Amino acid sequence: MGCAMQQQADGKEEKGLDLTSRVYKLVVEHGKEGVLQSELWKKLNLTSRDGSRLAIRLEKRGLVKRERVLDNGRWTYKLTPLRLPIQIKSIEQAPCITCGSESKCAPNGVVTPYTCDKLVEWVRRDYIANAQDNKVNQ
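If you read the sequence shown in this note's numbering, its first letter stands for residue 27, the second for the next number, and so on.
Just so you know, the hints here were simulated from the structure itself, not pulled from any lab data. This structure is a prediction, so every number in the text was calculated from the model and none was measured. Wrong hints could be hidden among the right ones.
What the hints assert, rightly or not - Here are the computed lysine-lysine pairs in the DSS-like style, where the Cα-Cα straight-line distance is at most 27 Å:
| no. | residue 1 | residue 2 |
| --- | --- | --- |
| 1 | K69 | K91 |
| 2 | K58 | K91 |
| 3 | K51 | K69 |
| 4 | K58 | K86 |
| 5 | K86 | K69 |
| 6 | K51 | K115 |
| 7 | K68 | K86 |
| 8 | K144 | K115 |
| 9 | K51 | K86 |
| 10 | K115 | K91 |
| 11 | K69 | K104 |
| 12 | K91 | K51 |
| 13 | K91 | K68 |
| 14 | K68 | K51 |
| 15 | K69 | K58 |
| 16 | K104 | K86 |
| 17 | K104 | K51 |
| 18 | K104 | K91 |
| 19 | K144 | K130 |
| 20 | K68 | K58 |
| 21 | K130 | K115 |
Full structure from sequences and hints, please.
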């Protein structure tokens with residue numbers, strides 16, 4: 027393959043990867059509630075054919091779930107991320123960060139995470155909050 031043709035092929039492949047990444051990013055931004063494919067295509071100025079191919083690619087990679095839904099009398103797909111990125115929010119309130127016994131804490135230490143009342147209470151509160159959020163979202 028000539029140099030110019032190779033560069034052109036590489037450019038198309040890079041553009042495809044860029045669009046796939048952009049679609050996935052938008053799906054993740056919508057979180058657990060998902061987003062309609064048609065909304066994504068409008069935001070990215072894509073044809074439904076190109077957009078569907080990108081969505082199928084993400085589905086085959088195990089990154090999104092495509093669910094057929096009826097919207098305003100028309101069938102479309104709703105895309106939801108199968109995995110959401112980890113957020114620091116999940117650990118920012120951990121008591122270990124400001125604990126005065128942190129330097130003594132170890133699995134076999136004087137203070138241990140297995141018996142730490144502060145840690146147990148934090149995990150319990152976080153679990154309850156997440157369980158309530160999941161009930162609301164169901």
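Verification of the supplied hints:
In summary, the hint linking K69 to K91 is supported, as the alpha carbons are separated by about 20 Å, within the 27 Å threshold. At roughly 11 Å between alpha-carbon atoms, K58 and K91 fall within 27 Å of each other, so this suggested pair holds. Only pairs whose Cα atoms come within 27 Å are accepted, and K51 paired with K69 is accepted, the gap being roughly 12 Å. This hinted pair checks out: K58 and K86 have alpha carbons roughly 19 Å apart, not beyond 27 Å.
With a C-alpha separation of about 23 Å, the suggested pair K86 and K69 falls inside the 27 Å cut-off, and the hint holds. Restraint check: the Cα-Cα separation between K51 and K115 comes to about 19 Å, which is no more than 27 Å; the hinted pair holds. A threshold of 27 Å between alpha carbons decides the hint, and for K68 with K86 the separation of about 23 Å falls inside it, so the pair holds. For the hint linking K144 to K115, the alpha-carbon distance of about 18 Å falls within 27 Å, and the restraint holds.
Between the alpha carbons of K51 and K86 the distance comes to roughly 16 Å, so the proposed pair stays at or under 27 Å and holds. Note on K115 and K91: the hinted pairing holds, with a Cα-Cα distance of about 25 Å set against a maximum of 27 Å. For the given pair, K69 sits about 15 Å from K104 by alpha-carbon distance, which is consistent with the 27 Å threshold. At most 27 Å may separate the alpha-carbon atoms for a hinted pair to count; K91 and K51 meet this at roughly 14 Å.
Distance restraint check for K91 and K68: the Cα-Cα separation of roughly 20 Å lies within the 27 Å cut-off, and the hinted pair is therefore satisfied. Between K68 and K51, the direct Cα distance comes to roughly 15 Å. Compliance with the 27 Å bound is thereby established for this hinted pair. Under the criterion of a C-alpha separation no larger than 27 Å, the hint pairing K69 with K58 is consistent with the structure, at around 19 Å. Pair hint K104 plus K86 holds up; C-alpha atoms about 15 Å apart against a cutoff of 27 Å.
Our distance criterion of 27 Å between C-alpha atoms is met by K104 and K51, whose separation comes to about 15 Å. Using a Cα cut-off of 27 Å, the hinted pair K104 and K91 holds, with the two alpha carbons roughly 8 Å apart. Using a Cα cut-off of 27 Å, the hinted pair K144 and K130 holds, with the two alpha carbons roughly 15 Å apart. A threshold of 27 Å between alpha carbons decides the hint, and for K68 with K58 the separation of about 21 Å falls inside it, so the pair holds.
With a C-alpha separation of about 25 Å, the suggested pair K130 and K115 falls inside the 27 Å cut-off, and the hint holds.
Hint violations for this structure: none, all hints satisfied.
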